[in-house]
Amino acid sequence: MNFAIFPPEASRQAHEVDLIFLALLAASVLILLGVLVTGIVFAVRYRRGSPAKRGQLPEWINREVEITWTVGTLFAFIFIFWFAGVTFLAEYKAPPNAEEIHVVGKQWMWKIEHPDGAREINELHVPMNVPIRLVMTSQDVIHSFFLPALRIKQDVVPGRYTTTSFNADRPGTYNLFCAEFCGRGHSTMGGRLIVETKANYQKWAQAQHHVMDVAGQGRALFTRMGCSGCHEQKDHTIAPDLAGLYAGYVQLTDGRVVRADDAYLRDSILQPTKDVVAGYKPIMPSFKNALSEGQLQLIIDYLKTLSGDGGTP
Amino acid sequence: MTDATLDHAPDKPGDDHLGYLSEGGHTLWSWLTTTDHKRIGILYALTITVFFFIGGVAIAIARLELVTPAQDLVSADTYDRLFSMHGIIMVWFFLVPSIPTTFGNFLLPMMIGARDLAFPKLNLFSWYLTAIGGIFVFVALLAGGTDTGWTFYVPYASNYSDSNVLPALIAIFISGFGTIATGINFITTIHTMRAPGMYWFRLPLFVWSMYAVSLAIVLAPPVLAMALTAIAAERVFGLPLFNPADGGDPLLYQHLFWFYSHPAVYIMILPAMGVVSEVIPCFARRRLFGYSFMVYALVAIAVIGFSVWGHHMFVSGQSAYANLVFSFMSFMVAVPSAIKVFNWTATLYRGQISFEAPMLYSFGFVGLFTMGGLTGLFLASIPIDIQATDTYFVIAHFHYIMVGGTVSAFFAALHFWWPKVTGRMYPEAVARFAAILMFFGFNFTFFPQFIMGWAGMPRRYGSYPPEFQIYHVLSTAGAGVLGIAYLMPLFYLTWSIFYGRRAPANPWEATGLEWQTPSPPPKHNFERMPVVDTEPYAYHRRSEAPEVETQTDQNEQMGGTP
Amino acid sequence: MTTSAEDRALREPWDDLERQRQAALTGIWFFSASELLFFGGLFVAYAVNFYLWPHGSMEAGGHTGLAYGLSNTVVLLLSSAAVAVAAASARWPALGRFSRACVWVTMILGVAFLTIKGLEYRHDIEERLIPGPGFPIEARGAQLFFAFYWTSTALHAVHLTVGLGLLLRLAIVGARDPQWYSKTPAVNVTALYWGFVDVVWTILFVLIYLPGRAT
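In order, the protein sequence lines correspond to chains A, B and C.
Under this note's numbering, the first residue of the first sequence is numbered 1, with each subsequent residue one higher.
Under this note's numbering, the first residue of the second sequence is numbered 1, with each subsequent residue one higher.
Under this note's numbering, the first residue of the third sequence is numbered 1, with each subsequent residue one higher.
For the record, the hints were derived by calculation from the structure and aren't laboratory data.
For each residue, glycine too, the CB sits at the ideal point set by N, CA and C.
One thing to keep in mind: the hints can contain errors.
Claimed, not checked - Taking CB as the label site, the calculated pair distances span: (1) C/Ala214 with A/Pro95: 34 to 40 Å; (2) B/Gly144 with A/Asn122: 47 to 53 Å; (3) B/Gly144 with A/Thr173: 37 to 43 Å; (4) A/Glu123 with C/Trp29: 40 to 46 Å; (5) A/Arg47 with B/Leu64: 37 to 43 Å; (6) C/Val158 with A/Asn289: 35 to 41 Å; (7) B/Val303 with A/Val65: 46 to 52 Å; (8) A/Asp261 with B/Val236: 36 to 42 Å; (9) C/Leu10 with A/Leu32: 33 to 39 Å.
Stated by the list, open to error - Sample of chain A residues with no beta-carbon within 12 Å of chain B, all distances over it, derived: (10) Lys53; (11) Glu120; (12) Val130.
What the hints assert, rightly or not - A few chain A residues facing chain B, derived, Cβ under 8 Å: (13) Ile31; (14) Leu33; (15) Val37; (16) Arg54; (17) Trp69; (18) Thr73; (19) Val141; (20) Ser144; (21) Gln154; (22) Phe181.
Required output: the full structure, derived from the provided sequences and hints.
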């Protein structure tokens, strides 16, 4: 018979989450048994007409006892909060050298793009023991990227990027589910996570149809859509220089200074009049209807390489 | 004719022991234009019963679909509409009204020694709003239902769904307005209509629970009303408030929705806690343990419950900082609930416990609520929630509390106050059997859902990978047993109205002013305004209980305003 | 012995007018709290969108009809004054007719508000300030601003109309028996409701008409 209990633990993080789960389970079973056993013992011992001693409650049961068990419960719960919160804080940010993979959710499929240009639909191949950061968005409604074996889940939201990260350490094939109701294809919007050994991953990666690496594709789009026409003028009077832009700071016309992260780049392309760089006029046209989500990501990937390190902010 | 026959015979109109059931008129019109809080409670009871069974049928079909992994009984689209209508009907047309509008309406004035609520006509108007909302539910159902889930997340609900979203939104909006009116009615009644000597700290806990729930009812549903109005504005007039294409934020909707919907679950549980606090002392023949802590706990749950809504959004894309704050507050709100469980258990100590149906349901409540509440701690822990949210783990969690908790308490209330409301006793042996069957059917249905949820089974799926099938089969089988357990009271309670033994004024020898009236009570409840000079739950002499804060101290603190 | 005015004013389940008044005032205050949260949700949406898109919001704010908004604010403040005088004077049985006259003044001003609003809506429609294709302002966030504008002013107008209904009822019942005003809590309750509608308008005035004017 084939049935699931715990999903496999495909990462150290998954293992830590399971430890918290088991600890909570043990505590809960104890508490539940405490309540149930006490309740049953009282129900039997003090059933109507039984010979057990009744009358006044013992002296020691008083206001102090009530306060004690209230405060005790409070501290126990604060402890659990701290225990779980610390794990969350340790895991929620990807390390700076994480490999970035792009995910776009749409009704009703997942589109995945690797940094080297390999593309997948409803499947995610990753090498083991490599930190991975997923940068995700949706093309239409809210979906949720759920990998039970890694104990991670993250909603993908139209109009913004969300991220999650992991480091898988166990080769195998695991479930991928959409976990936010998105219409009639919601149940079928699943797929597979395939964790490969480094060697197998290389083989797989080489066998992929490589269009071009993402940065190269982005460059091609950058030229084709006319961006280079303004942004690569030598004197940079019409449009700011984009070299070294990513992850740095930009001063805007209204005096604010903002960080040039993924969201900033995205907004600058889709709503260029929102935050105009100081010293420039708001003449950049919007590319809202000209670029798909995937194309937008490629251009952003290209712009990131202009910083020289392609790293995360 | 022997007395025994008279004792069990059906009533005829004009019989003089029918109290409010015949005073005030025998016609349908007299019922539809009544301002008697007791009759309005009955109108609500009939309404929510209808919706309970409709919501139940919807999910029964869905659970049948889930017996096999493939989408083979109904289409995915139909499945989506089934679970959505189940949620909408059960939340807004059963659970939220359930105890407050039936037992709250019926009992609140009597428990404080009043003739009626503060605004009797507003009370009738509230029922009409619920009924009109219910008509819109029927409109939505007959048109094919909505498929957005009871949560109506945007942009799906505002820009993508082609189902009957608008009638559902209107239904919820209108009935919500009725609920707010009921809340205002209850708060005003408790503030201004207590009988002489009924100081705040002499109020039965059921009254306190009505007060706490009314505070939440007045403050939370308006925000939902606005969130749903915004979706309607987007669908009907194209006004974009959350549309990301125009720069709007879908998460803003989620914040507004959950700001209501989390207090909503406390709206659903606080009255249940009030009921259990009435039943357990009565059948244990002991004062409620820790009365004042129980009162503070009720109010604390209502207040803190307004600060935890973001725990529904841990994976939504909100910041890590927000996640931590909401996680912390969620742990805080669990503390008063735990206190209540300890105190109910402690009330049993040195009692004289008997196991009539209301007590069995209350035991069931304590056990199932504890389980559901403990799994809440799991979900308040962010790394666990990241795995468990949007899976069957969450579904099991909230059904343990809503169904294992609130519905059990509803049935406890139904049996406890049945003699008072109808003047008849229900058949005890059958009732006990149904209570036990319900407990087992419930666990059979929902416990497997915890396991498959943690194993990764997502929610709102009509088809799924085969490794989850065993759990779905168990769950559906359990649902069948649970369904039978719910149908049984429908039959034997109806039977008891005609053939049940006539009930005396106080069959359970319970404390509380409502038991000082005949069963069923006359239209104006009390012949003379009662004067209260005892504490609540005076099931035994004070000397048998530990001396904590005296009630006189409490009364002085509260200003002793009659 | 109760007068007929008291008979008319006293309702089930009350035995005396003072208790009934206390209850009515308690009720309307809690109702106002719930209404505050209703509009509060909308204010939060406004705040979030303003924070995300300050330029678009400011620009959109500059396109609102300030003259209409200002006139409406003055009209509504005057009407609140009128209804406050109505409520205060209602306490004296001798001033029953005067109180009723104030109720009429309030109503007339309320109708004036709706008229000005109607003219403003017509103007906005002519300028095509309705979110969707053809919306004249490019900046991101401007459409959201106007979505807020239409939703909030429409909801406010609905509330105001309900208020007019309450005032009309006061006028009609008071016509038959001006003594009723001094017995019933209805004048106070209506005045509080009307005051709440005015407070919401004042907030809306600030949020809708003032951004983007300082240039």
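Hint by hint, here is what the structure shows:
1. C/Ala214 with A/Pro95: 34 to 40 Å: Hint violated: Cβ distance 46 Å, outside 34 to 40 Å.
2. B/Gly144 with A/Asn122: 47 to 53 Å: At 30 Å between Cβs, range violated.
3. B/Gly144 with A/Thr173: 37 to 43 Å: Taking Cβ atoms as reference, glycine 144 of chain B and threonine 173 of chain A lie about 39 Å apart, which means the hint holds.
4. A/Glu123 with C/Trp29: 40 to 46 Å: violated (60 Å)
5. A/Arg47 with B/Leu64: 37 to 43 Å: holds (41 Å)
6. C/Val158 with A/Asn289: 35 to 41 Å: holds (37 Å)
7. B/Val303 with A/Val65: 46 to 52 Å: violated (25 Å)
8. A/Asp261 with B/Val236: 36 to 42 Å: The hint (36 to 42 Å, Cβ to Cβ) holds, given that aspartate 261 of chain A and valine 236 of chain B are roughly 37 Å apart.
9. C/Leu10 with A/Leu32: 33 to 39 Å: 55 Å Cβ-Cβ, so the 33 to 39 Å window is violated.
10. Lys53: violated (7 Å)
11. Glu120: Since the minimum Cβ distance to chain B is about 20 Å, glutamate 120 of chain A lies beyond 12 Å and the statement holds.
12. Val130: Correct as stated: the minimum Cβ-Cβ distance to chain B is 21 Å, above 12 Å.
13. Ile31: Given a least distance of 6 Å, the restraint on isoleucine 31 of chain A holds.
14. Leu33: Violated, because the Cβ-Cβ distance from leucine 33 of chain A to chain B comes to roughly 10 Å (cut-off 8 Å).
15. Val37: violated (10 Å)
16. Arg54: holds (5 Å)
17. Trp69: Because about 6 Å separates tryptophan 69 of chain A from the closest Cβ in chain B, which is inside the 8 Å limit, the hint holds.
18. Thr73: holds (5 Å)
19. Val141: This hint holds: valine 141 of chain A lies near chain B, its Cβ roughly 4 Å from the closest one there, short of 8 Å.
20. Ser144: Hint on serine 144 of chain A: holds, closest Cβ of chain B at ~6 Å, below 8 Å.
21. Gln154: holds (6 Å)
22. Phe181: Holds: closest Cβ of chain B sits about 4 Å from phenylalanine 181 of chain A, inside 8 Å.
The structure shown violates the earlier hints numbered 1, 2, 4, 7, 9, 10, 14, 15.
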